[in-house]
Amino acid sequence: MCSFYLSGTFGTTFAETYSFIKHIKHMFKKILPWLLCAVFVLGLSACKKRQTRADEAAAQGVLLIANGSEPSRLDPHLATGVPENRIISSLLEGLIAYHPTNDSLPEPGMAESWEPNEDSSEWTFHIRDARWSNGDPVTAQDFVYSWRRMLTAALGAEYAPNLFVIKNAQEYFEQKITDFEQVGVHAIDEKTLRVTLVGPAPYFLNMLKHYSFFPVNPCSVESMGGITDRMGEWTRPGNFVCNGPFVLEQWETNKVIRVVKNPDYWDADKVQLNAIEFIPIENQSTEESSFLAGQLHLTTNIPLSKIPYYLSNRGDIAHFEPYLGVYFYRLNVTKPPLDNPKVRMALNYVINRKLITENVTRASEQPTYAYTPPGIMGYEPPVVLSTDADKARQLLAEAGYPGGEGFPPLEILINTDEGHRQLAEVMQQIWSKELGIHVTILNQEWKVFLESQNKMDYDISRSGWIGDYMDPGTFLDMWTTGNGNNQTGWSNSDYDRIILEARMARNQQARYEKLFEAEQILLKELPIVPVYWYTTKHLMDPRLRGYYPKLLDNHPYKYMYFDLDTQQP
Amino acid sequence: MFKFILNRLLQAIPVLFIIVAMTFFMVRAAPGGPFSQERKVSQQILEKMNEHYGLNDPVYVQFFNYLKHALQGDLGYSYKHEGRTVNEMIAESFPVSLKLGALSLLFAVGVGIPAGVLGAVKKNTFWDYSAMSVALMGICLPTFVVGPLISLIFGLWLGWFNVSGWFESGDVVLPSITLGLAYAAYIARLTRGGMLDVLNQDYIRTARAKGLSPSAIVWKHALKGGLLPVVSFMGPALAGLISGSFVVETIFQIPGLGRHFVNAALSRDYTMVLGTVLFYAVMIIIANLVVDILQVVLNPRLKYE
Amino acid sequence: MVNPCNLNVPEERLPSLPIDLNQVEGGSSLWADAWYRLRKNRFAVISLVVFLGITLFSYVGPFFCPYGFEEMDLATRAQGLSLAHWFGTDGLGRDLLARVMYGGRISIGVGFIATAISLSIGVVYGAISGYAGGKIDSVMMRLVDILYAMPYAIFIILLMVIFGRNIVLLFVALGAVQWLTIARIVRGQVLSLKKQEFVEAAVSLGLSDSRIILRHVIPNVLGVVIVYATLTVPSIMLLEAFLSFLGLGVQPPMASWGVLIKDGAENMTVYPWTLLIPSFFFSLTLFCLNFLGDGLRDALDPRSSKD
Numbered sequence: 017m018c019s020f021y022l023s024g025t026f027g028t029t030f031a032e033t034y035s036f037i038k039h040i041k042h043m044f045k046k047i048l049p050w051l052l053c054a055v056f057v058l059g060l061s062a063c064k065k066r067q068t069r070a071d072e073a074a075a076q077g078v079l080l081i082a083n084g085s086e087p088s089r090l091d092p093h094l095a096t097g098v099p100e101n102r103i104i105s106s107l108l109e110g111l112i113a114y115h116p117t118n119d120s121l122p123e124p125g126m127a128e129s130w131e132p133n134e135d136s137s138e139w140t141f142h143i144r145d146a147r148w149s150n151g152d153p154v155t156a157q158d159f160v161y162s163w164r165r166m167l168t169a170a171l172g173a174e175y176a177p178n179l180f181v182i183k184n185a186q187e188y189f190e191q192k193i194t195d196f197e198q199v200g201v202h203a204i205d206e207k208t209l210r211v212t213l214v215g216p217a218p219y220f221l222n223m224l225k226h227y228s229f230f231p232v233n234p235c236s237v238e239s240m241g242g243i244t245d246r247m248g249e250w251t252r253p254g255n256f257v258c259n260g261p262f263v264l265e266q267w268e269t270n271k272v273i274r275v276v277k278n279p280d281y282w283d284a285d286k287v288q289l290n291a292i293e294f295i296p297i298e299n300q301s302t303e304e305s306s307f308l309a310g311q312l313h314l315t316t317n318i319p320l321s322k323i324p325y326y327l328s329n330r331g332d333i334a335h336f337e338p339y340l341g342v343y344f345y346r347l348n349v350t351k352p353p354l355d356n357p358k359v360r361m362a363l364n365y366v367i368n369r370k371l372i373t374e375n376v377t378r379a380s381e382q383p384t385y386a387y388t389p390p391g392i393m394g395y396e397p398p399v400v401l402s403t404d405a406d407k408a409r410q411l412l413a414e415a416g417y418p419g420g421e422g423f424p425p426l427e428i429l430i431n432t433d434e435g436h437r438q439l440a441e442v443m444q445q446i447w448s449k450e451l452g453i454h455v456t457i458l459n460q461e462w463k464v465f466l467e468s469q470n471k472m473d474y475d476i477s478r479s480g481w482i483g484d485y486m487d488p489g490t491f492l493d494m495w496t497t498g499n500g501n502n503q504t505g506w507s508n509s510d511y512d513r514i515i516l517e518a519r520m521a522r523n524q525q526a527r528y529e530k531l532f533e534a535e536q537i538l539l540k541e542l543p544i545v546p547v548y549w550y551t552t553k554h555l556m557d558p559r560l561r562g563y564y565p566k567l568l569d570n571h572p573y574k575y576m577y578f579d580l581d582t583q584q585p
Numbered sequence: 355m356f357k358f359i360l361n362r363l364l365q366a367i368p369v370l371f372i373i374v375a376m377t378f379f380m381v382r383a384a385p386g387g388p389f390s391q392e393r394k395v396s397q398q399i400l401e402k403m404n405e406h407y408g409l410n411d412p413v414y415v416q417f418f419n420y421l422k423h424a425l426q427g428d429l430g431y432s433y434k435h436e437g438r439t440v441n442e443m444i445a446e447s448f449p450v451s452l453k454l455g456a457l458s459l460l461f462a463v464g465v466g467i468p469a470g471v472l473g474a475v476k477k478n479t480f481w482d483y484s485a486m487s488v489a490l491m492g493i494c495l496p497t498f499v500v501g502p503l504i505s506l507i508f509g510l511w512l513g514w515f516n517v518s519g520w521f522e523s524g525d526v527v528l529p530s531i532t533l534g535l536a537y538a539a540y541i542a543r544l545t546r547g548g549m550l551d552v553l554n555q556d557y558i559r560t561a562r563a564k565g566l567s568p569s570a571i572v573w574k575h576a577l578k579g580g581l582l583p584v585v586s587f588m589g590p591a592l593a594g595l596i597s598g599s600f601v602v603e604t605i606f607q608i609p610g611l612g613r614h615f616v617n618a619a620l621s622r623d624y625t626m627v628l629g630t631v632l633f634y635a636v637m638i639i640i641a642n643l644v645v646d647i648l649q650v651v652l653n654p655r656l657k658y659e
Numbered sequence: 012m013v014n015p016c017n018l019n020v021p022e023e024r025l026p027s028l029p030i031d032l033n034q035v036e037g038g039s040s041l042w043a044d045a046w047y048r049l050r051k052n053r054f055a056v057i058s059l060v061v062f063l064g065i066t067l068f069s070y071v072g073p074f075f076c077p078y079g080f081e082e083m084d085l086a087t088r089a090q091g092l093s094l095a096h097w098f099g100t101d102g103l104g105r106d107l108l109a110r111v112m113y114g115g116r117i118s119i120g121v122g123f124i125a126t127a128i129s130l131s132i133g134v135v136y137g138a139i140s141g142y143a144g145g146k147i148d149s150v151m152m153r154l155v156d157i158l159y160a161m162p163y164a165i166f167i168i169l170l171m172v173i174f175g176r177n178i179v180l181l182f183v184a185l186g187a188v189q190w191l192t193i194a195r196i197v198r199g200q201v202l203s204l205k206k207q208e209f210v211e212a213a214v215s216l217g218l219s220d221s222r223i224i225l226r227h228v229i230p231n232v233l234g235v236v237i238v239y240a241t242l243t244v245p246s247i248m249l250l251e252a253f254l255s256f257l258g259l260g261v262q263p264p265m266a267s268w269g270v271l272i273k274d275g276a277e278n279m280t281v282y283p284w285t286l287l288i289p290s291f292f293f294s295l296t297l298f299c300l301n302f303l304g305d306g307l308r309d310a311l312d313p314r315s316s317k318d
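Order-wise, the sequence lines are chains A, B and C.
For reference, each letter of the first sequence is one residue, going 17 to 585 in the working numbering.
For reference, each letter of the second sequence is one residue, going 355 to 659 in the working numbering.
For reference, each letter of the third sequence is one residue, going 12 to 318 in the working numbering.
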């Protein structure tokens with residue numbers, strides 16, 4: 017482009033240019049037939065659809081799935097991330113499995129059947145006739161071993177607190193008792209497991225779907241490193257003993273993880289895929305173009321700027337589904353002026369959340385009217401938040417800053433990311449325009465950001481929270497005084513008391529009523545600015561079937577298959 | 355020359371020690387640790403995790419432990435990729451980056467040097483300006499623009515290559531062009547500059563006066579001297595090329611060493627940061643040594659020093 | 012700066028001086044002479060004018076632009092080029108013209124200051140190292156090796172932790188790596204220059220080392236240095252985008268050209284103008300600098316003849 021531009025300015029006279037054009041004309045006549053041939057061939061090859069990797073794989077029943085960043089580990093007791101979860105859930109199965117369509121329902125997994133006692137504080141599970149991929153039967157003792165492993169402090173399992181719902185589990189973990197016999201998990205016989213909980217827990221079945229409750233094969237763990245070993249030699253291909261629908265075949269860092277169908281799986285007849293390849297792709301544009309070029313069947317995301325296009329034009333491949341997560345800003349309530357609830361309310365009420373979800377995030381996210389995302393069966397969050405700029409200005413005036421006068425400057429802390437940045441830029445505009453206050457943005461690298469948030473070295477900080485299982489408790493417990501995930505300095509004794517009462521509630525309804533009450537307090541005090549409830553964004557090959565929208569974005573592979581007759585777009 | 359090389363290798367020992375020491379303390383001083391994450395881990399669990407990696411010991415104890423193991427060639431376990439040793443990770447990813455880097459270098463030198471020579475010999479002509487304009491485009495278009503662009507054109511629209519991945523032999527083409535392009539541009543510019551300096555030198559004038567053919571003057575006599583700045587530039591560039599490029603490897607989804615460099619630093623994977631830095635330092639030292647030898651070869655008036 | 016043209020000292024016969032009839036006749040200095048030759052290079056002059064135009068556009072333009080760089084209008088989101096928005100708007104409905112102008116302020120300012128800093132350090136360091144040779148050279152070059160191998164991201168993060176975010180730090184961070192390659196290149200050149208007759212002559216005349224380095228050695232490496240400098244400016248402008256990623260540098264909603272290009276690259280298939288327009292200004296600046304650099308190189312080349 018530029019060389020043409022330059023050559024034109026280079027002292028070429030008109031005569032020279034003219035002869036040059038004549039020369040080109042002559043050349044063109046010579047090569048014209050060849051050019052036509054080339055165009056023809058190119059046209060032909062464009063008409064004939066190239067057999068892509070995705071086509072080949074679909075024909076062989078191999079699912080090619082993008083998987084974000086490289087998983088750090090595949091040990092279910094140490095894993096913490098979403099990419100890890102996608103792989104582990106293909107390899108191992110817990111007592112309760114994920115239902116194909118509804119995350120609130122329990123699906124029998126390793127447990128064939130179960131019964132709770134009357135207040136749901138003691139559960140008995142009957143384990144089905146299933147085998148590990150090394151031929152061992154899956155037994156109740158395997159679960160006792162696995163949960164003992166989770167609760168062994170020396171292992172350092174991050175999700176160990178999930179198991180504290182079990183009686184004496186926390187005491188064992190904190191080494192206040194040393195005899196695991198006292199912990200509420202017992203193998204009555206080889207196929208019967210009895211679990212005693214600290215109190216009534218109607219949501220226990222939903223918790224059991226989480227990988228922190230998954231079993232591991234005791235023999236293989238013991239023979240490679242033992243119960244407290246973190247190095248996971250046993251999770252390498254060839255060593256990993258599975259009880260799920262697939263077994264681990266190949267693991268190449270940053271390249272691919274391949275799992276193949278497990279013939280020993282109890283429900284192997286139902287599994288239709290022959291293999292799954294998890295391909296770690298961090299860059300969203302790369303992920304998208306790989307999908308479009310036919311190298312993937314399923315992506316984890318859609319690049320921000322492409323969302324409107326896919327949403328309105330490509331309903332055949334683009335899927336936007338509600339996700340059990342909330343995007344919000346934390347407000348540091350220990351610092352004036354944010355220690356004043358009226359200021360915090362003003363910051364909340366001035367925001368038109370609908371405007372943001374429609375113009376900035378644009379992936380059909382739902383604007384928040386509460387904190388806990390809707391969709392948990394039986395729990396409807398209170399409708400509190402609304403847009404009322406006048407009320408916000410009035411609140412700000414009541415707090416002593418009429419028209420933003422005298423209001424100290426605030427800083428929005430974000431971690432580096434295009435989406436976070438855009439949203440912060442919009443929030444900055446709204447707050448400064450509508451309330452007349454001065455707001456700046458500071459972006460930090462991820463770990464620095466975490467450190468700042470943790471040390472409460474911020475005014476306003478961008479946050480998000482994804483539920484681990486279908487229960488409002490996973491959203492509301494964190495705001496109790498001194499909770500490690502609170503990180504706002506907010507503390508309310510009524511809130512703490514109600515959350516505690518909810519834990520003791522004898523049935524689901526009573527519990528949800530308490531949690532509702534707690535959420536109302538949270539939304540009145542507002543140490544946070546909820547913005548929107550997440551959606552998941554995927555591009556999916558139209559031939560892939562058995563994939564349903566799920567609030568937890570957890571899609572069991574055993575129901576997936578390819579319908580090769582589907583018309584290709 | 356043997357003495358020179360031996361001497362340089364001896365110098366490498368304190369250099370490596372300083373690099374390891376500085377990196378070790380720097381990375382530990384950076385905010386956030388390998389296990390910090392959005393969902394806060396309780397203090398008790400964090401302590402247990404630290405215990406596994408000896409992170410509860412005083413820093414100087416950790417340092418000497420690290421040195422002790424490193425001297426035996428054991429760079430420890432990665433924190434991010436739990437259960438993988440740093441040695442294993444480097445051994446896995448270095449060949450990938452080496453292959454990519456070597457091909458990029460070939461492309462960069464193959465395009466850059468002829469373009470630079472052309473520019474210098476035909477100074478201030480159409481040829482000069484077009485060669486330099488193309489070279490400039492290579493500099494103006496950063497890898498994060500070129501990469502997606504050529505993968506869009508040749509991968510997605512024309513379908514000649516895969517858009518990403520490292521599975522087939524053709525997968526190397528687009529990334530090595532992307533990576534090579536920027537270097538080609540630098541090399542072309544530096545070659546042209548160096549050649550112009552040399553072409554005005556007395557010995558070239560003498561050669562011309564003696565009636566040697568222009569091509570012999572350019573390729574046999576001038577190029578040798580004209581490449582000096584290129585060679586100096588190539589030292590660190592070479593080390594950078596073969597130890598991988600974060601941007602290119604991320605865009606094209608290549609399992610190379612370059613991604614570990616940046617990702618290890620960002621995830622505070624202490625051992626991995628140290629391992630990759632140490633590895634890179636060795637590459638730098640070797641590359642600069644080779645460059646210094648080449649400088650003598652290109653300019654026989656120099657001695658090894 | 013340096014006035015190498017004092018006809019009373021014996022250096023006058025040394026080839027580091029421009030052997031040019033104009034100079035001898037008019038008795039003009041190296042710099043005046045260079046300026047004269049530069050003016051005669053049509054291309055360099057055009058480049059200079061265009062470059063000054065871009066600078067003016069960036070620094071003065073915002074005063075005439077009706078939009079601010081942060082002003083958003085979600086109703087006119089991602090619009091192409093129009094009369095209201097000459098360069099269109101970005102994904103949040105901000106005027107791209109305003110953003111490019113403000114971005115230019117940052118990029119040109121940062122690019123030049125950081126390049127100047129790293130050049131001065133690199134040239135002096137490299138020249139001393141190459142000229143001194145021996146043990147001093149070894150130690151100085153090993154120090155360069157050490158700095159090369161530093162983990163850059165961690166280094167930047169630490170700098171911010173220790174010194175907080177400020178503009179001086181940005182230049183330190185940018186200059187810290189760029190001078191290394193310049194130092195190595197200059198050292199390589201000096202090593203070979205040192206063996207040339209004119210330096211040996213200067214040494215035999217008993218001139219002081221600093222005088223030889225400043226008056227005879229550095230002027231002779233200027234050509235390569237200028238070429239490398241024109242390459243350093245763009246890499247610094249792009250490096251600034253990486254520093255923004257780490258949290259150093261300009262904070263949103265302000266954006267430099269590097270950041271604008273990086274964002275544009277992510278949106279290139281949807282809003283191509285958000286990539287093309289900042290890239291155009293970035294490229295144009297580099298082209299100008301480059302041709303200006305070539306012109307300067309020729310003008311300063313002590314040996315260049317009028318053939």
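Warning: the hint list may mix true and false statements.
Stated by the list, open to error - Now the stretches of chain C that chain A is said to cover, found in silico as 3 or more residues with beta-carbon under 8 angstroms:
{"#": "1", "stretch": "109-123"}
{"#": "2", "stretch": "227-239"}
{"#": "3", "stretch": "248-259"}
{"#": "4", "stretch": "262-270"}
Claimed, not checked - Listed next, the in silico DMTMM-like pairs over lysine to aspartate or glutamate satisfying Cα-Cα at most 25 angstroms (straight line):
{"#": "5", "chain 1": "B", "residue 1": "477", "chain 2": "C", "residue 2": "44"}
{"#": "6", "chain 1": "A", "residue 1": "192", "chain 2": "B", "residue 2": "405"}
{"#": "7", "chain 1": "A", "residue 1": "471", "chain 2": "B", "residue 2": "392"}
{"#": "8", "chain 1": "A", "residue 1": "407", "chain 2": "A", "residue 2": "190"}
{"#": "9", "chain 1": "B", "residue 1": "476", "chain 2": "C", "residue 2": "312"}
Keep in mind that the hints were calculated from the coordinates and are not lab data.
Source: prediction; values computed, not measured.
Ideal placement from N, C-alpha and C gives every residue a C-beta, glycine not left out.
Hints and how they fare:
1. 109-123: violated (count 0)
2. 227-239: n = 0 at 8 angstroms, threshold three: violated.
3. 248-259: holds (count 4)
4. 262-270: Per the Cβ count (3), the hint holds.
5. B:477 / C:44: holds, 21 angstroms
6. A:192 / B:405: The given pair, whose Cα atoms are some 20 angstroms apart, holds under the 25 angstroms limit.
7. A:471 / B:392: holds, 13 angstroms
8. A:407 / A:190: Not satisfied, since the Cα-Cα distance of roughly 49 angstroms exceeds 25 angstroms.
9. B:476 / C:312: holds, 17 angstroms
Checked against the numbered hints given earlier, the structure breaks hints 1, 2 and 8 and satisfies all the rest.
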